[in-house]
Amino acid sequence: MSFINYMAREINCKIVYYGPGLCGKTTNLQYIYERTNPDAKGKMISLATETERTLFFDFLPLSLGEIRGFKTRFHLYTVPGQVFYDASRKLILKGVDGVIFVADSQFERLEANQESVENLRVNLAEQGYSLDKIPYVIQYNKRDLPNVVPVEELRELLNPMGVPDFEANARDGVGVFETLKAVSKLVLTELKKGGA
Amino acid sequence: MVNPQMVMYEEEFNQIQGVVDRLVREANAKVVFIVDKNGQLIAASGDVENIDTTSLASLTAGNIAATGGIAKLLRENEFATQFHEGENQNIHIQLVGNRVILVVIFDSKSSLGLVRLRVRKATDELNRIFEALLSKVAEPGGDSPFAEITDDDIDNLFND
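Those protein sequences? They're chains A and B, same order as listed.
Once you know that position 127 of the first sequence is 127 in the numbering used here, the rest is easy, because the numbers rise by one and skip nothing.
Once you know that position 2 of the second sequence is 1002 in the numbering used here, the rest is easy, because the numbers rise by one and skip nothing.
In isolation and in its complexed conformation, chain B is listed as follows:
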């Protein structure tokens, strides 16, 4: 495979969750979440009970992919930041290390200036965490829980 597999361990997950939890508070945001560029949700914080994070993750990744396509056509490296302004809610989307996407949803309790400021700080931290995670994944000898699965395990998934 060309792409390394995305793997998340407890240690890095807790660090990432710490960053998004703090970002919700410091940016007065409603919801903050992190998605990988393929649309898989990595972490979320804030008022997540009332939103469909799986769908949001997929659409955000699609959005970033489309914007990346436009950038390529214009011979830009990327458009790392996007901002969508609604009547009641706004969404700030930031590409982190060209690998994951940081999404902040906020309303009139916050402001674009504050969100941008806090996102910039969080982006640096996330970059460090994801770099460490990637080098950990690249290390040989990491056991996959799937190396041990049998054909029966796979068949059993489809028996109902």
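This is chain A alone, in the form it adopts within the complex:
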């Protein structure tokens, strides 16, 4: 649910990075944080365990620039990917405007990806959203690793709806901004429709 502030002439949107544990959600945010101009970003917050696993969420506020005199701000969140943090994941999805699913391309994580997409669908539905309607893109991460599933196969399993999808290697930044731009565009396009 975006927030339009006529007083401050701002529009705020919430993007959530979803995906199985260790798929690279936090790594996406860290790369964006490192590569963004200081005046376009706020502080990145990570609520993580001592072993740097996301406990509750990561948060990164970004300014994208102006549209028709309105500053566009995106709040990026990640969910904790580990299965037993499901209660927390549901909370992060509240008020979401767009979702990026980060898939781990490695063979051994194939099932974890499928479970996570299914979990996303269920948790969104609990908040009253449909994965088929919400702005949604998929990122196939870790393409640089040797043991990866071919993209065609991942696409078949994880992207039957044919939403925009991207290959990535988030550690080196490959595909990170492309994925973010794609979902941001979808969110803004949705706003345009919703405002009619």
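Don't take each hint at face value.
Stated by the list, open to error - Heads up, simulated DSS-like pairs for lysine-lysine below, C-alpha to C-alpha not over 25 angstroms straight-line:
no., chain 1, residue 1, chain 2, residue 2
1, A, K185, A, K43
2, A, K94, B, K1030
3, B, K1037, A, K192
Simulated from the structure, these hints should not be mistaken for laboratory data.
Given chain A, put chain B in place with the hints provided.
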């Protein structure tokens, strides 16, 4: 969309800002701010120059969301009030109309009793303002500034 879009107009913003400005003074607070439950900052007052209000807004909303989750597990409707006591500063968090969060940060110049008293009064006022705002947003015919944007406008955002 299931949730109505959150919209803030000048008239209501000024009313809300008036309430938080007064709360800072009457409660002897350092900072007062209002956040929606999704973590968007709505208004702030007091010594805001020295704090990161965006981060605070997001964390407060996360805190309220987690507490709400606990309430649900315990079959409580909600825990509307939270208080965190630090060595030098304290924070009082109040859920207003199950919609927005009123946060008061204060130190030894004030007291929990005073803050609670003033927050209660401000909560009633804020409830009225937000109810009026919500019914205004629900009215048909409110033009969105985004109805007019073009694909080019969106593309231009990403060209640099």
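Holds or violated: are the alpha carbons of K1037(B) and K192(A) at most 25 angstroms from each other?
holds, 24 angstroms
When you check the alpha-carbon spacing of K94(A) and K1030(B), does it fall within 25 angstroms?
Answer violated: K94(A) to K1030(B) is near 30 angstroms, above 25 angstroms.
Between K185(A) and K43(A), is the straight-line Cα distance small enough, at 25 angstroms or below?
holds, 23 angstroms
Checked against the numbered hints above, the structure violates only hint 2.
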